[in-house]
Amino acid sequence: MTIEQQAPVESPAAGGVTEKTQSHGRAWTFLLIAAVFEIVFALGTKGSEGFTQLVPSLITAGAAGMGIFTLSLALRTLDVGIGYAVWTGIGSVGTVIVGSFLYDEPITPVKVLCFAAIIGGVLGLKIVSREPAPEATAGAPGA
Amino acid sequence: MAWIYLGIAILFEIAFALGTNATKGFTRLWPSVFTLLAAAGGIFTLSLALRTLDVGVGYTIWTGVGSIGIVLMGALIFGEKINAKKVLGFAAIIAGAVGLRLTGAA
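Chains as they are written, first to last, in my numbering: chain A, 1 to 143; chain B, 1 to 106.
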């Protein structure tokens with residue numbers, strides 16, 4: 001998550017901002033990991049064929065558990081509205097891309113347009129969510 | 001009846017997300033229990049709805065309406081700020097996810 005460092009804006013109140021920025025970067029890392037588990041979960045659900053296949057079912061259940069856990073770690077810092085939208089958004093994009101490799105589904109222009117909307121929205125929320133949130137300064141753990 | 005199940009599944013999904021937020025990384029017992037029950041309830045009622053509804057449509061409405069509800073309830077319960085830029089971001093993600101699901105891809 002080195003992208004964090006690019007932010008040119010904040011010069012005053014430096015101490016607090018730096019600490020929050022690091023914790024913020026970690027939260028987004030957890031959120032991306034949670035989205036990867038969500039992708040494994042979605043593809044695993046398909047592969048488990050209605051939870052009749054043992055190994056895919058175990059992978060699916062494990063991924064679901066880990067996805068929810070890492071989401072909860074991200075939400076210690078991020079707003080739940082943002083966290084949930086990004087989680088399902090990236091999960092959708094990843095599921096379609098990985099699924100198209102696994103199941104030979106074509107990636108159509110419409111899908112690419114949807115990818116662009118989701119990724120644009122995610123990046124937008126990532127930038128916007130850095131704006132001051134007074135509650136976050138006090139509690140943010142593990143920075 | 002399927003639409004009622006879908007409505008209940010959406011409420012569970014909203015409860016699940018808000019509950020996850022309240023668990024503080026699953027370090028709190030009762031929010032964690034609540035969250036897991038809501039997740040299970042949501043998946044179960046969604047599966048009931050999907051016995052009749054098309055998966056693409058059911059899933060789309062589930063997470064799409066769920067996302068909107070979670071943003072609104074996050075603002076109400078946890079005092080999260082909503083502004084025009086955030087609404088734009090949410091709208092782009094939800095529109096993209098709905099589009100993907102309606103093309104039958106996700």
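One should not assume that every hint holds.
As a list, the in silico DSSO-like pairs of lysine-lysine whose alpha-carbon atoms are at most 27 Å apart [stated by the list, open to error]:
id, chain 1, residue 1, chain 2, residue 2
1, B, K85, A, K46
2, B, K24, A, K46
3, B, K81, A, K126
4, B, K24, B, K81
Not close to chain B: a few residues of chain A, all C-beta gaps over 10 Å, as computed [to be verified]:
id, residue
5, Q53
6, S57
7, L73
8, D79
9, V93
10, L113
11, G121
12, S129
By construction, these hints were calculated from the structure, which means they are not laboratory data.
Even glycine gets a Cβ: it sits at the ideal position worked out from N, Cα and C.
To see whether the hints hold, each was checked on the structure:
1. Of the supplied pair hints, the one linking B:K85 and A:K46 is violated, its CA atoms being roughly 36 Å apart against a limit of 27 Å.
2. Taking the CA atoms of B:K24 and A:K46, the gap is near 31 Å; set against the 27 Å cutoff, the hint is violated.
3. For a cut-off of 27 Å, the pair hint linking B:K81 to A:K126 stands: about 14 Å separates their Cα positions.
4. Restraint check for B:K24 and B:K81: the C-alpha separation of about 19 Å stays at or below 27 Å, so the hint holds.
5. Every CB of chain B lies more than 10 Å from the CB of A:Q53, the least distance being 17 Å, so the non-interface label holds.
6. Residue-level check passed: A:S57 sits 14 Å from the nearest beta carbon of chain B, beyond 10 Å.
7. With a least beta-carbon separation of about 5 Å from chain B, A:L73 fails to lie farther than 10 Å from that chain, contradicting its non-interface assignment.
8. At roughly 4 Å from the closest C-beta of chain B, the C-beta of A:D79 falls inside 10 Å, breaking its exclusion from the interface.
9. Chain B draws A:V93 into its interface by the beta-carbon criterion, the shortest separation being 7 Å against a cut-off of 10 Å.
10. The claim that A:L113 lies off the interface is violated: its Cβ sits roughly 7 Å from the closest Cβ of chain B, which falls inside the 10 Å cut-off.
11. The beta carbon of A:G121 is not kept farther than 10 Å from every beta carbon of chain B, the shortest such distance being approximately 3 Å.
12. Against chain B, the non-interface label of A:S129 is violated: not every CB pair exceeds 10 Å, the least being about 8 Å.
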